[in-house]
Amino acid sequence: MLPFAPDAPLLTREHSLVEADAPRARRFEELPSKTDSPGYRPYRVRLTALTPLTPSFVRATFTGPELDRFGTDGLDQRVKLVFPLLGVPGIGISDFGFDDPRTIADGDWYARWRALPDELRNPFRTYTVRAVRPGAGQVDVDLVRHPTAPGTSAGPAARWLAQARVGDELVLIGPDAGSIHSAIGIDWQPGDARELLLAGDETAAPAICSVLEQLPADRRATAFIEVPDSRDALPIAVAPDQHRITWLPREGRPTGALLEPAVRAWLTRHPETFATGLASAPQRINEVDVDSELLWESPGRLDGDGFYAWLAGEAGVIKSLRRLLVSETGIDRRRVAFMGYWRLGKAEAQ
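Here the sequence shown is numbered in the UniProt record's numbering, starting from 1 and rising by one per residue.
Any given hint could be a false lead.
Unchecked claim - Just the calculated beta-carbon pair ranges, DEER-fashion:
(1) Ile-184 to Asp-241: 29 to 39 Å
(2) Leu-116 to Leu-324: 39 to 49 Å
(3) Trp-296 to Pro-271: 22 to 32 Å
(4) Gly-191 to Ala-154: 34 to 44 Å
(5) Arg-220 to Pro-89: 47 to 57 Å
(6) Leu-86 to Pro-240: 43 to 53 Å
(7) Gly-252 to Tyr-110: 35 to 45 Å
These aren't lab readings, by the way, just hints derived from the structure by calculation.
Each residue gets a CB set at the ideal place from its N, CA and C atoms; glycine is no exception.
Model the full assembly from the supplied sequences, consistent with the hints where possible.
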C-alpha cells in the first residue's frame, strides 16, 4: 500500500472486480467499409435503463434505430449527450438536424445547433462511452451524480438525471463506425509504451476503466482514481494481477486533495518506472489560466515504447499534475496527455 497520510482511506487492489460477461467492442476488421464521411454524428436515442452502480455513479443505457453503426473504437473516446429544455415541444430538443440524413451526411448538425436562438439551444455535456453493443443497438454511458452546492442551481445533466425515466428520448452525439474518422475524440495514444500511468477524478473514472479493459495483456498500468465516496469503486473487467488500481475516496475533502499526493508519492517510490520517459533537456510549458482557457494537450501517437501518462479531471488539479510530471519530475511532455475535463465553479464550454 502506498505511504499516504493515515487519515486518507484507500481502496487499493492488484486487480478490480471482474465482470465475466462484460461486453467487448467490435474490432475494425468486423466493421463495414468506411467512407470519408464525418466521424461524429447525432443519434436519436431512448433511455432503456438507469442502473445505480455506486452512490456517485449511475449507468444510463440507450437504444436507438441507428446505434448498430455507432463507433466501437472505445478507450477514452468522447461523446456528448444533448439534454432537453422546458418549453421546447416534442422531446424537448430543438431541431438541429439530428433526424435529417443530409445534415448528418454533411456534418452540418453543429452549425445548425450553434445557429439556434439562445433560449432554444439545448445544452450538452461530454462523457465517455462505457460499452457499445452494436448488435443490440445499445450504448452505455456512466454518469456522475454531483451534489448541488448551497446557493447554486443544478446543471442540465443533474436536472435530467433527477427526473429521468425509462422511455425518455435524448440525442447522443457519437462516432460513426462507417467513417474513416470514427476514432476522433480519443486522447489515449500510448503507442507501444509498456509503463503506463493513469490518474483522474470521478469524471475520468469511466474513461480510465474503459482504457484498462482494452489494454493488451502484456501491458501493465498503474491507475489512481479519486472518487467522492469509499463505496464508489467501480467494477472493471480486467484479468487478476494485470494492473494496480488505487481508488482514493475523498469523503468530504476538496477535489484533488488525495490525487496529487498519491501521484507524487508514486513518482518518488518508483523512479525506475518512468526513467524511459525523461526528457533530454529542461522543458518550458505554457501557463494556462484554467478559469478562462481550456487546459488540454493530447500528444499524437507515441513512437516507441517506454513510459506514458494520461491525466484527466478538474482543470486546476490537472494543471498541478502536469507541473509535477513535466516541470518537477522532468518527464517528456510528449509522453503526457492531460485534459481538463471540467473547472470547479464553471459550466462546460459549448
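Checked hints:
1. Ile-184 to Asp-241: 29 to 39 Å: With Cβ atoms ~34 Å apart, the hint holds.
2. Leu-116 to Leu-324: 39 to 49 Å: Cβ of Leu-116 to Cβ of Leu-324: about 42 Å, so the range 39 to 49 Å holds.
3. Trp-296 to Pro-271: 22 to 32 Å: At roughly 28 Å between Cβ atoms, Pro-271 and Trp-296 fall inside 22 to 32 Å, so the hint holds.
4. Gly-191 to Ala-154: 34 to 44 Å: This hint holds: roughly 41 Å between Cβ atoms.
5. Arg-220 to Pro-89: 47 to 57 Å: At roughly 53 Å between Cβ atoms, Pro-89 and Arg-220 fall inside 47 to 57 Å, so the hint holds.
6. Leu-86 to Pro-240: 43 to 53 Å: 49 Å, holds
7. Gly-252 to Tyr-110: 35 to 45 Å: For Gly-252 and Tyr-110 the Cβ distance comes to about 39 Å; the hint holds.
Violated hints are absent here; each numbered hint is respected by the structure.
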